[in-house]
Every structure is written in C-alpha cells, then in structure tokens.
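Trainee: Sequence:
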Amino acid sequence: MSKGRLQALAELKRLKESGKKRSYEVEDDDDIYDLVDNAEYQQHQMERLQQDEFVVDDKGEGYAEDGAYEWENHEYANDSDDEGDKTQRVSKKVKVDKTAKPKNNRDVNDLFKRAAAVSKPAPRVSTTYCSISKYAI
1 MSKGRLQALA
11 ELKRLKESGK
21 KRSYEVEDDD
31 DIYDLVDNAE
41 YQQHQMERLQ
51 QDEFVVDDKG
61 EGYAEDGAYE
71 WENHEYANDS
81 DDEGDKTQRV
91 SKKVKVDKTA
101 KPKNNRDVND
111 LFKRAAAVSK
121 PAPRVSTTYC
131 SISKYAI
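Counting from 1, one number per residue, gives the positions in the sequence shown under the UniProt record's numbering.
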C-alpha cells in the first residue's frame, strides 16, 4: 500500500479507538462571479466585441456576433406570447363542447336494468337420465 493510504488508515484506526469521528470543514470558494454596475457591464461587453475572435462573420449569410444576447432579441417568439392565443382557442373549444348534446340521453343504469330483464334463465337439463343410454349420469 502507498504511504498516504497507510497514514489515512492509521488515522481512522486511532479515531475509531477513541470513539471520535473524522470531520472536515469545507473551504469557501472566493467569489464565483463579480458584481458590476451597468456601466462596467457595457464596458466589458464592448471589450468582448472588440476581440472579435469568437465568431467569423460570413458576409451576413449566417451567424455573426453583434453583442446582443438571444433573450434580448425580439424576433423570436417566447412562451408568454403564445399563452394568450392558447387560452382563446381553448375557451372556444370548451364553449362548443358545452353546447353539444350527446347523441343518446340514456343513463348507464338503464342499460344494466335492460340487460338484467332481457337475460332469461338457461333451460334446465335433466342429468338423471340419458336418452342415449340406459344409465343415469
């Protein structure tokens, strides 16, 4: 075994004998992101555009970096635009469904009652004597 592994096992054995648990503290990372005001953000965005190494403009035939983010582009539809149309379409369908009458107004219980009334008891077959043979079954 490696030296580090042996040391770790020895430490665990010592902690187990003493009845303690091994604990550690998580080190907090430094700030993950910077807080900037609007002016600093725009300056950072302009510097990013001036580097212009990310995307090569292909004479307007494809994608080009113009500094705007996709969510700022209003050419594309978003979910909130579609919500109003869906509710109007659904409400029309609901109105049509409410006004439509079913083809038959019968109750389900009527069907069960008719089925019980129509069914006749099966004819009883005598099992005591068989006409083919002399012997009783």
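FYI, nobody ran anything at the bench for these hints, they're computed from the structure. These numbers were taken from a predicted model, which means no experiment stands behind them. Don't take every hint at face value.
What the hints assert, rightly or not - In silico lysine-lysine, DSS-like type, Cα no more than 27 Å apart, as pairs: (1) K16 / K3; (2) K21 / K3; (3) K3 / K20; (4) K13 / K3.
Trainee: Against this structure, judge whether each hint is valid.
Mentor: Against the structure, the hints:
For a cut-off of 27 Å, the pair hint linking K16 to K3 stands: about 20 Å separates their Cα positions. Of the supplied pair hints, the one linking K21 and K3 holds, its CA atoms being roughly 22 Å apart against a limit of 27 Å. Under the criterion of a C-alpha separation no larger than 27 Å, the hint pairing K3 with K20 is consistent with the structure, at around 23 Å. Between K13 and K3 the CA atoms are separated by roughly 15 Å; this keeps the pair inside 27 Å, and the hint holds.
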